[in-house]
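Let the hints inform the model, and build the full structure from the sequences given.
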Amino acid sequence: MSRNHQATRDRIFRRLAQSLLWIVSTICLLTCPHSKVEESFNLQATHDLIYHGVTPAVLMSTSSLWYNETTAKAPLPELPYDHLSYPGVVPRTFTGPLILGWIFQVVFRLPLLWLSVDLLDYPLTVQFLVRFILMAATLLSWSQLARAVDRRCLNTTTTTLQQQPPFSPTGTYLLLVTACQFHMPFYASRMLPNVFALLVTLQAFRAWLQNQSALAAALLVFGTAVFRCDCLLLLFTVGLSLLITQKLSLLQALQIGIATGILSLALTVPLDSAMWQRWVWPEGEVLYYNTILGKSSDWGTSPWYWYATSALPKLLLAGVVWISCAFLALPEAIVAWWQSSQRQSTLLLMDTTWWEYLLPAFGFVGLYSCLGHKEVRFLFPVMPLFNLAVAVGMARFHKLVFPPKDKRVSKLAQLGLAACFATLVLSLLASMAFVAVSQQNYPGGDALLRLERHLQEYQQEQGLVPHEPRVRVYVDVPAAMSGISLFGQRQANFTTGDLEWEFTKAGYEDEHALKEDYYEYSASFTHIIAEPDRGNNDDKRKISTNAFTLVDVIPGKPRMDWKRGRIATEDAMYIWERIGYWQGIRG
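Read left to right, the sequence shown gives residues 60 to 646 (this note's numbering).
Everything labelled a hint here was simulated from the structure, so no lab data went into it.
These numbers come from a predicted model, not from an experiment.
Virtual Cβ for every residue (Gly too), placed ideally from N, Cα, C.
Keep in mind that the hints are not guaranteed to be accurate.
As the list claims (entries may be wrong) - Lysine-lysine pairs mimicking DSS-like chemistry, simulated, CA-CA at most 25 Å apart:
1) Lys-95 x Lys-373
2) Lys-564 x Lys-373
3) Lys-95 x Lys-458
4) Lys-458 x Lys-470
5) Lys-622 x Lys-564
6) Lys-433 x Lys-354
7) Lys-470 x Lys-373
8) Lys-354 x Lys-95
9) Lys-622 x Lys-433
10) Lys-95 x Lys-564
11) Lys-616 x Lys-373
12) Lys-470 x Lys-95
Unchecked claim - What follows is a set of in silico ranges between Cβ atoms, one per label pair, in the way DEER data are often shown:
13) Asn-63 x Val-165: 39 to 47 Å
14) Thr-412 x Ala-481: 19 to 27 Å
15) Gln-336 x Tyr-181: 14 to 22 Å
16) Pro-329 x Leu-213: 55 to 63 Å
Okay, here's the thing in structure tokens:
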């Protein structure tokens, strides 16, 4: 095979892998537009920064420095930020939402203003676009990491456009493995702190593979200080690898850590302190709360081996079987044994080519396993290294089937490569099934859309007139945690004509926790979105059917019913409407 023919084949293979990653991620974004509680802070913060900006927070912060209640003519106004009313357990940074909001304004909103179109009048479109921005940044970072793998495989540091190195099978398989998984494409557009940390670690690993060790270490310090304090464990294992391989000295590591740490705090603390209206380093408080106080265990604990036996198989799916080939030259050894006329056993060759990059990933999981509270998303920042391990294993079979020169190709090698593609197909099919299940996992967001359509139908199709032009909606905790966002709430005001919407959300904070106990007593609500009563003996939780009528039932809590070959759901959210809300036929 000529070199030009091989380069063309590798280029087509790469484009297909990149396209598949974009297609799968976009499908996930389109089919699952709502968000869950883990990502709600960053989503709500992005809404507030786009629609309200940082100016109110900055003015309030500076005003409080000389504000005197005894001499002031008027009290300070309340800030229009969701997080001050619903702060959650620990504070989070506004750095990611601020960047997303800025990119949205520059790339999408400002150009359309010249056409007299203001995207702010379409809140759900804004929500889609900011999530698309995050997805695009994540996928471009994966592609950059794949190019760094190419350079590492070809032992080149070429970066100019005129001297781009050819694509390597390992880099292409890295993108294919990622595209065929569920979690990486699905969460690429979701505003979890772990996804923002993944963005940083992707760039750190890219720099590491290109021998830019100082930049890699600085990025890991930045990601730890700003987005996820648990990246400290990854910083430790990667830093240890850099020290052992002498790519950084201990003095250099200390200098980078101190300088980058100070710079990171200088960037994040003023912004977050202004937004939270108190001096705060969010990830410092998270580290203290979860690790030093051990409060993370309050959210559940798992055995020490859970990451190895449950989380990683869920993340890697069928590709997990090829990880061992990243450390051992198994394909080459087995093919050599098969082709040997004496059929003598061949010693498994230890291949240390990628060990300096892959061993820190296992070290990170080992250290993290010591903490009781475990979740799959905690491993997102280290997933590029595990996907790289799978890609290295698959690339071994690829090189045996497509050797650089015309050599006899073993049928066993072809069978091994076919098995690699079979695992990719199986992973992709499983991922699509998981996406289909996930569509039913946001009953709160679906309920709000259903309520909007209900009001539109009664107004426009049946010509009914509401008793008052205000829709006062009560949202309970499960509904707020399963898809109702500020973008959706704002959208409701644009889709139901002259009706004015007012939302009251329950929460775990003391000032919100008791509201859900007064469904039947509160005459102020016209509608309620709440989960069904599931046999709770507390009468205060029951919605009075003398005051409210059931409008719709939203399915949720999906699970795969393998016996019947379908997705099984149950009633997850009820929409209630106050009896007598509709006054009569429009005259």
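If any of the earlier hints don't hold here, list their numbers in rising order.
Those not satisfied are hints 2, 3, 5, 7, 9, 12, 15 and 16.
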